[in-house]
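Number of protein chains: 4
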Amino acid sequence: MARPIGVGVVGCGYWGPNLVRNFAQQGNAEVLGVCDARLERATKVGRDNHVAVATDSIEELIALAGLDLVVIATPSATHFELAKRAITAGKHVLVMKPITTRSDHAEELVDLADRQGVVLAVDHTFVYTGAVRKMRELVENGSLGDVYYIDSVRINLGLFQSDVNVVWDLAPHDVSIIDYVMGGQEAESVATIGGCHAGSRHENIAYVTIRYGPDVLAHIHVNWLAPAKVRRTIIGGSKSMVIYDDMEASEKLKIYDKGVSISPASSAADVYSQMVQYRSGDMRAPRIDSREALATEAEHLLECIRTGAQPNADGRAGLRVVRILEAAQASIDAGSNFVTVRDTRDVPAWRLESRRPTSIA
Amino acid sequence: MARPIGVGVVGCGYWGPNLVRNFAQQGNAEVLGVCDARLERATKVGRDNHVAVATDSIEELIALAGLDLVVIATPSATHFELAKRAITAGKHVLVMKPITTRSDHAEELVDLADRQGVVLAVDHTFVYTGAVRKMRELVENGSLGDVYYIDSVRINLGLFQSDVNVVWDLAPHDVSIIDYVMGGQEAESVATIGGCHAGSRHENIAYVTIRYGPDVLAHIHVNWLAPAKVRRTIIGGSKSMVIYDDMEASEKLKIYDKGVSISPASSAADVYSQMVQYRSGDMRAPRIDSREALATEAEHLLECIRTGAQPNADGRAGLRVVRILEAAQASIDAGSNFVTVRDTRDVPAWRLESRRPTSIA
Amino acid sequence: MARPIGVGVVGCGYWGPNLVRNFAQQGNAEVLGVCDARLERATKVGRDNHVAVATDSIEELIALAGLDLVVIATPSATHFELAKRAITAGKHVLVMKPITTRSDHAEELVDLADRQGVVLAVDHTFVYTGAVRKMRELVENGSLGDVYYIDSVRINLGLFQSDVNVVWDLAPHDVSIIDYVMGGQEAESVATIGGCHAGSRHENIAYVTIRYGPDVLAHIHVNWLAPAKVRRTIIGGSKSMVIYDDMEASEKLKIYDKGVSISPASSAADVYSQMVQYRSGDMRAPRIDSREALATEAEHLLECIRTGAQPNADGRAGLRVVRILEAAQASIDAGSNFVTVRDTRDVPAWRLESRRPTSIA
Amino acid sequence: MARPIGVGVVGCGYWGPNLVRNFAQQGNAEVLGVCDARLERATKVGRDNHVAVATDSIEELIALAGLDLVVIATPSATHFELAKRAITAGKHVLVMKPITTRSDHAEELVDLADRQGVVLAVDHTFVYTGAVRKMRELVENGSLGDVYYIDSVRINLGLFQSDVNVVWDLAPHDVSIIDYVMGGQEAESVATIGGCHAGSRHENIAYVTIRYGPDVLAHIHVNWLAPAKVRRTIIGGSKSMVIYDDMEASEKLKIYDKGVSISPASSAADVYSQMVQYRSGDMRAPRIDSREALATEAEHLLECIRTGAQPNADGRAGLRVVRILEAAQASIDAGSNFVTVRDTRDVPAWRLESRRPTSIA
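If you read the protein sequences in the order shown, they are chains A, B, C and D. Residue numbering for the first sequence follows our numbering, beginning at 27 and increasing consecutively. Residue numbering for the second sequence follows our numbering, beginning at 27 and increasing consecutively. Residue numbering for the third sequence follows our numbering, beginning at 27 and increasing consecutively. Residue numbering for the fourth sequence follows our numbering, beginning at 27 and increasing consecutively.
Just so you know, these hints were derived from the structure itself, not from any lab. Among these hints, one or two may not hold up.
As the list makes no split between identical chains, a pair holds if one copy fits it or if it spans any two.
[As the list claims (entries may be wrong)] The calculated DMTMM-like cross-link candidates involving lysine to aspartate or glutamate, where the alpha carbons are at most 25 Å apart (straight line), are:
(1) LYS265 to GLU163
(2) LYS160 to ASP315
(3) LYS70 to GLU85
(4) LYS255 to ASP308
(5) LYS255 to ASP283
None of the values given here were measured: they were computed from a predicted structure.
Hey, can you work out the whole structure from these sequences and the hints?
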């Protein structure tokens, strides 16, 4: 492809400018236009990044000559409509997380992108960090052995969101990390326990448990009301174990050659202690690619567009994550019992209403 | 009381010798005898601590002239029978945690001790640490405001127990800390999610959630299969928050002057961001009494025996903890749904069988 | 002053763009021009920040209409000539650290600025961080009592500089922090021990000790060859002590209510242990202003220019720091003995040569 | 040797009981007697450890039938006289650190032990920890490459000693670690900077630098007046680097595959950046033997006595450490200049006086 890939970014709030900057820095791409319902934000971001067109009209953006990729960085409730419009126009699309707020919408986008033959990607940023890619690699190449559990904590004194709870705000990070590490395996069921405090109607603390088959347990603690910032994922495997601590300045990922195995007793007379074997060896912190995740993601996506390959975080990954979030929400609404992930497709209509786009760019 | 309080210790395994040592070091107590089903262990512990009598007979121990207090440090399944025997003989009793393995047994001991007019205490050791006492104080005097949640993590590459799961092994620590911090308030319901790995039939990882009324959530993560040792309790309150990290060499307790409050909007036109108030002030690590918890506990118990006061961790505290553990187990058995704490009294008979004493000292 | 203060920035390498950005963001200042010997760097930085003039001529920059302040962000060897030219032209000047590479040059600049009636400031960035300002405050208001020692460690696997050693590269940070905390008190003497490794002719590890009077010891460990990044300053005082750990994400500053005092024995018969008193109380991490230091510095400097006040890091602070660095270098050259700070004015001529400007912007 | 090695311990203060306990637990040794100038201390330690003889007479102890090894755990000023007496009587000897307070005394003991054919060992405890043995191994097998520097920090709010400064109290640990890691190489020169605070006549903070040849720099920071406990040794090598942090609960030793090398420029035209090569690879925390150092030491010493092998920390190691401490003291007395290690043999007579034994057991 001789000419650079033409990029348009919708949404110039918190995250949009980072996307503009990262795509602008790619050698083989050009940001042709930026769009925001608040024109002055689009104008500022456009000017700061030397982008030719700043507009408040999504139609104008999509119609730009040479535009190949639409990046959607608006509030989640607007993702579906905007992505649908861009895909329908034959554009490749990158959507911020979560890809949509309903799984049926995500399914529709995936189908549509398939039919249109365009790339649909979701900004599961962490999937493009060196640490998470290394964890996936360790699972894939068998270094961890069988995965027993994944325990993920993401807590902080965080900004309360006015329109979503902590599950929809923070857990997409953890769920997308877990989904990626598990190689895209479908989750079976989800249970979520939440609490509302400090006068809020939305959960500000939640514990989400995801079952992948009978043996693999993933557990997420998300919390906007914690006094200290913790971002830590532990994976326990049969051969070794991993701690990924994103708050560490270096050595974010530590691999422990530790484990326990219990052999079935060959006879009732076996002494118990003979059957348990502990292993406690070295710890290793591999060198991790410390490049900004967003730069890796932009480069990877442009490569996929050129070659037709599937991105690491494609529409299907986005869909799997939304299904889990939806099941998590359904579990909260159903007294915290486990909810089968597949059962969650037909969500009540009022939920759609409550998440209706409030400002389409 | 002119003469020293006479103490007898049953069980000379892992924890027993610490108890013997600590009571022996109290000025106003004397360890008169030690007892273990394996006589050679009793003999060694007795000799090391200059105790006059070492025996394998519980009757002989209880019958010692001048004996006031029986300390029971045997496997939990034997607690009920041994404690009952000692209380019936009019002795004060200190039992290791959990006080019993069934709540009806704990109730029976509490009633019996009341009738006999003796002190019944349980070794909830952490309740006697400087850090946990300080947390109780902060809740009691209102420094934390309303308690929103308590999050407790106790994970390690731990010794697999042959006969109990990780909930019965590790969670008693967390549950007794939570019970003490909550001032003995009765829990409402418990849900537990567990996983069995590495070939074991017992849960080696579990997430226990305890509801105290609609607003207070306590959550415990216990795990024998973690690569690093974490022992950390966070309390989130409306006025301030606390992190208790038992792995810190110093500054185990940190109090954060942090919080969020959301005022109800006075009108629909209120911008959301005007209603949320964040507070992020100093952090303070108060000086903590670093005395060995067991020494504090022994001194406190002897004082209670002399004065007739209730120990901080009395039989009723032991009972409340067992009720929660029982509900946690019932929840595991019932698909992890929330189980009402009061509903758990009539546990199936087989569970009693499986926990029958295997070696009464 | 009705019109904004006109700013020109010389040097568009590593640090220059940050200065341009920070001054551009001040409401009452305007960056009128940027200058670099490599015109393309000036052009890029100018374009990115919407600066009207980009030039490779220092004369052109200084001659810009409305220019009040010249910010010098070039290699240290060029500071003297450039600052002299700007001050002579009646401009206020901010110079990066170290202010010059010779103390006689720094003296000349200070004198010249006094005569011209302009503000001369040096970019001792750390002096404008919340943590260092808090340390100064604690010393000033007597909270620490008498300062006993300051111990500062700044080590890393750092970029080897081709033309200076680790003392001139890293220690200016520590020396300027120490100078500020000590309230600008003149140091008495300096001893430095250094080592050259990995094939370099310049010291890559050095220990610098500064004596302030007989009782106050400041010690700096700078190192380009350390496996981990440490940036930590400890201040020991008679009343309390401080640890400032810049690698902490939060709670960078911890104040310990700890101390020891020894009373003179009133008689030979006094038991030693009666004379020593230890105090070990709370630790407190005060809330620290987390604003970017450079923003605080820019605002403060503009305020000083408007009001005629002396900046916290003025030319005299720059001079004191260079005198200490010069003494540190002289000590290395003299077998690591203590060198009186005042003795170091007449440095050998070859040192000037070796530090002669190689590229004046 | 069929019969167990007979051990006598002199000095029942702080450290003595640990020695008694550790030798008592060795299968092939028997503690025959304990001795202390304060008979009641000897009696208590003897009773607690089932030792037959407790005495306040060193002659009586040495004369015990079957006694092979005398362990000296008295104040350092008494080591020489006591060790001399025991060696003269043909006994093997283990002396606490520092072996003596004068290097000529240490030399005399080494010579005497050689003539008598007995083992003379010194309790450089850290040399028997898993972490320090691993560091020695990494240097010996070339994993670290050339050693560039060793930086050791041992600070705390420590107990002020009435009769020695912080160099003689704490630095023996660091010096013995460094000596062991350096494979017993003789140090060349030592410079020490100290400060006296809080009313003490003795240094409570000191920086000791030891030169091993022109290229290897060892630096020690010891401090009784620090608000937090730090015990950390860094070794920088040409191939890799090590951090040994004794305050870590696990992973005390971390090995970093990091380094820098600078190639000599082949021509003046070489761009500098082409000559520097950075390497930043994995970090590894090897599994460390976590056995109590004293147990390892006791076992090792008994083995040496049986086989005639030299202990890892023998009299010569003790002598090398005392020579360095003596040079460190001489440097303090001489304005902190570097003092050649060999020059320190004839120390002034008053120093001997001031360190005269105050209580010979």
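Problem - Alpha-carbon proximity context of LYS255 and ASP308, limit 25 Å - result: Between copies only: 15 Å across chains, 28 Å inside a chain, cut-off 25 Å.
Handout entry: Same-copy or cross-copy closeness of LYS70 to GLU85 [CA-CA at most 25 Å]
Key = within (20 Å within a copy, 33 Å between copies)
Problem - Up to 25 Å CA-CA - GLU163 versus LYS265, copy category - result: For LYS265 and GLU163, the Cα distance is within 25 Å only inside one copy (14 Å; across copies 28 Å).
Handout entry: LYS255 and ASP283: within-copy, between-copy, both or neither at 25 Å Cα
Key = between (27 Å within a copy, 15 Å between copies)
Problem - Intra- versus inter-copy proximity for ASP315 and LYS160 (alpha-carbon distance at most 25 Å) - result: within (9 Å within a copy, 29 Å between copies)
Violated hints for the displayed structure: none, as all numbered hints are satisfied.
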